[in-house]
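Fit chain B to the given chain A structure using the hints.
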Amino acid sequence: MSNKTLLNSKDIEIILHRLACQLIENHNDFSNTILIGLQPRGSYLANRLADVLKNEYQIKDLQLGLLDITFYRDDFRRRKAPLEAAATEMDFLIEGKDVVIIDDVLFSGRSVRAALTAMQSYGRPESIELLVLIDRRFSRHLPIQPDYRGRQVDAINEEKVLVTWKETHKKDAVYIEIK
Amino acid sequence: MSELSVPHLLGIKYLKSTDIDLIFKTADHFKAVINRPIKKVPSLRDITIANLFFENSTRTKLSFELAEKRLSADVINFSAGQSSVKKGETLIDTVNNILAMKVDIVVMRHANVGAGVFLSKHVDAKIINAGDGTHEHPTQALLDSYSIREKLGNVKGKKVLIVGDVLHSRVALSNIFALQLQGAEVKVCGPTTLIPKYIASLGVAVETNLKKALEWCDVANVLRVQHERMDINYFPSTREYTQLFGINQEILDNLGKKIVIMHPGPINRGVEITSAVADSNESIILEQVENGVAIRMAVIYLLAQQVKR
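Sequence order for the protein chains is A and B.
Residues in the first sequence are numbered consecutively from 0, following numbering that gives the first Met the number 0.
Residues in the second sequence are numbered consecutively from 0, following numbering that gives the first Met the number 0.
The shape of chain A in the complex, shown without the other chains:
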């Protein structure tokens, strides 16, 4: 098993700024926008992106939620090991809002489908977009595509894309794990 570095911390920094600018292009001052990070891994990207928007681009009232989708997944009783839930931190409704779902890697699209179901518990948003750091092309099980992508990757199914963050692994990086 070996790892190939796909993005280093500098690359990720540049991508975060680009994604922030693309969001500003579509969402102006974010007054009607809510960012939602998917727990657990998407929340690191969501927090980081929110920091960039607030500190570098002076977006003041940014609403950020963290959504856990464990109970909405379609693979309950179908996985080898059960998943543990994480906390949901959404102290607002999304009724009439423009929502941006944020996750680190888009693979089969099933997490995003579960997130769409989970969000129905918080109202009817005006629109929903999807932002991902890594878009694994050709691996989708569902008709779901990102609106904002950091990097598109053509990894084969046996390869695993691994995202690490300063907060948890001391280093921002994206690897491809080759078995």
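Don't read these hints as lab results, they were simulated from the structure.
Any given hint might turn out to be false.
Dumping the calculated DSSO-like pairs for lysine-lysine here, alpha-carbon to alpha-carbon at most 30 Å [said to hold, decoys possible]:
{"hint": "1", "chain 1": "B", "residue 1": "K30", "chain 2": "A", "residue 2": "K169"}
{"hint": "2", "chain 1": "B", "residue 1": "K211", "chain 2": "B", "residue 2": "K30"}
{"hint": "3", "chain 1": "B", "residue 1": "K155", "chain 2": "A", "residue 2": "K79"}
{"hint": "4", "chain 1": "A", "residue 1": "K9", "chain 2": "A", "residue 2": "K169"}
{"hint": "5", "chain 1": "A", "residue 1": "K79", "chain 2": "B", "residue 2": "K307"}
{"hint": "6", "chain 1": "B", "residue 1": "K24", "chain 2": "A", "residue 2": "K79"}
{"hint": "7", "chain 1": "B", "residue 1": "K24", "chain 2": "A", "residue 2": "K165"}
{"hint": "8", "chain 1": "B", "residue 1": "K256", "chain 2": "A", "residue 2": "K79"}
Relative to chain A, chain B alone:
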């Protein structure tokens, strides 16, 4: 750990402390779910649950049913009062007939001790014991401990007093197992006729003076006087019971400290507890009811994970 170590929930005595931790952690998430505008998750949409209540129940049955529906399970209900049990059908026959309708989980309350264990050996479904005679009532004990944890931050090291009819109480026995497993200290208080003889063998001390017992404890769990289970007179009169073991505001005011008051319900107001105490700020009786749904959702969810496809 994200899986229970047991295939059924038959009693607290079969659980490990890690099981209780997992149930509480899962219940935290479900408590958040049931406080949302839409209080439902789709996890169990392909699971069918039968609630078999061979003995009367209001809140436990409602609580289980609500928990099941909020997990999107299909639910069928059965009460012995209106069934073929009256015509002489055996327990296994009744349950096998229900299982023939493809039921995955059975929630059962029964007047006989060990009914759940018996059933788990003879039928192919997950069994949740919702009370078997005077033996165990595990989900009640779990929600009681969960409520203590919520109110006081931790169960470990707390002093918990169980007051009243311990002899006939499945709530008491399950609570003793659950509290000791989590490192709490347990004492019981009540008329000696209503304290079981084996209690010392469980490592539980007995205090017959209510005032002394209350001064000792952080939490008082007040049990209902179960007139329906008493075949003989265990105490001279209800009035005498109330005078010696009834909890009123005056006795609490004279303690010099605040304690938490719990009651599993239904309350005999004015017998084991006065209305003023039951409705006071020290009482967490309604929090117990709310937590009951979250705890039952957690237990059902965790057992449903093990249902084979």
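Point to revise | Which numbered hints fail | key: 1, 2, 3, 8
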